[in-house]
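Asks: Based on the provided sequences and hints, a complete structural model is requested.
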Amino acid sequence: MGCNHGKQATPVEVIPGDTVQKRPGSTAQQKGFWTKSKADALQEAVDVVFNKAGESLLGMTFSFTIADPRLKGCPLIGCSSGFGSLCGYTMDDIVGRNCRFLVDPVPREKIDPKMRKHAKDFCEAIAVGKQFRIPENEREDWMPIGRAGDELFCFQVNARKDGSLFNNMFYLKVIELSATLGEELPYIVGLQTELPLGKADLAQLAKNTKVLDHNMNKARCSGPNLFCVNLHDTR
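So for the sequence shown, full-length UniProt numbering puts the first residue at 1; every next one is plus one.
Don't take each hint at face value.
[As the list claims (entries may be wrong)] Derived DSS-like pairs (lysine-lysine); straight-line CA-CA distance at most 30 Å: (1) K218 x K207; (2) K173 x K114; (3) K72 x K173; (4) K161 x K114; (5) K218 x K199; (6) K114 x K207; (7) K218 x K52; (8) K161 x K120; (9) K210 x K114; (10) K120 x K207.
[To be verified] Computed spacing ranges between beta-carbons, pair by pair: (11) I145 x T90: 33 to 41 Å; (12) D121 x S37: 30 to 38 Å; (13) D141 x P113: 13 to 21 Å; (14) D162 x I111: 17 to 25 Å; (15) E44 x D92: 17 to 25 Å; (16) K52 x K117: 32 to 40 Å.
These are computed hints drawn from the structure, not numbers from a lab. Yeah, the Cβ is synthetic: ideal placement off N, Cα and C, and Gly gets one too.
Replies: Structure follows, in structure tokens:
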């Protein structure tokens, strides 16, 4: 299923009230918290691990998002600059919002409701310290088997800020990052890339999980050094 570039969603306006509820004392969703310099530093780190010239998985270019499952609605608290380039939004547009703002403008017939529910259920499970696995009767042929319950492969048609549609792969993975000195808490990291050929590309990516796992392990071991996030500012 390729992206239908002939049909566009309505361009999106960022509505001031279209943010999830803040945790008391949280600065993660305040305007200006996630700066361009942080986003650029994160993208630079992501490029080192995932986008090396000649080594990028299937020639794809990846970006990252970071969400806090302990905040209501599991909002994004940060992202790499590549994610902004992918979807056309600025950092202030993105931070503090649930990713549904990329799906809501998409024509209903192009939305995969099961995949949308899987992503929601995954975030809710992680928020209460549980694992999540897609029910066997809802699995698709491309989905890798025998995977951990702290990750989720997703595919959904998304809408950029200008209304153009694109096929978005987002691989969600729980990674513990230090929020305060001596304490690590689980955050949901999203590895994102556009898939021009849709699920055909996704099937190829799913066949290369060893490379993906290797890269994610490098990301996990790098911890805050990779993500360049002053997460203690978010608590």
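Asks: Taking the hints in turn, state whether each one holds.
Replies: Going through the hints against the structure:
no.: 1; hint: K218 x K207; verdict: holds (19 Å)
no.: 2; hint: K173 x K114; verdict: holds (19 Å)
no.: 3; hint: K72 x K173; verdict: holds (19 Å)
no.: 4; hint: K161 x K114; verdict: holds (24 Å)
no.: 5; hint: K218 x K199; verdict: holds (26 Å)
no.: 6; hint: K114 x K207; verdict: holds (22 Å)
no.: 7; hint: K218 x K52; verdict: holds (13 Å)
no.: 8; hint: K161 x K120; verdict: holds (22 Å)
no.: 9; hint: K210 x K114; verdict: holds (26 Å)
no.: 10; hint: K120 x K207; verdict: holds (25 Å)
no.: 11; hint: I145 x T90: 33 to 41 Å; verdict: holds (39 Å)
no.: 12; hint: D121 x S37: 30 to 38 Å; verdict: holds (35 Å)
no.: 13; hint: D141 x P113: 13 to 21 Å; verdict: holds (19 Å)
no.: 14; hint: D162 x I111: 17 to 25 Å; verdict: holds (19 Å)
no.: 15; hint: E44 x D92: 17 to 25 Å; verdict: holds (21 Å)
no.: 16; hint: K52 x K117: 32 to 40 Å; verdict: holds (35 Å)
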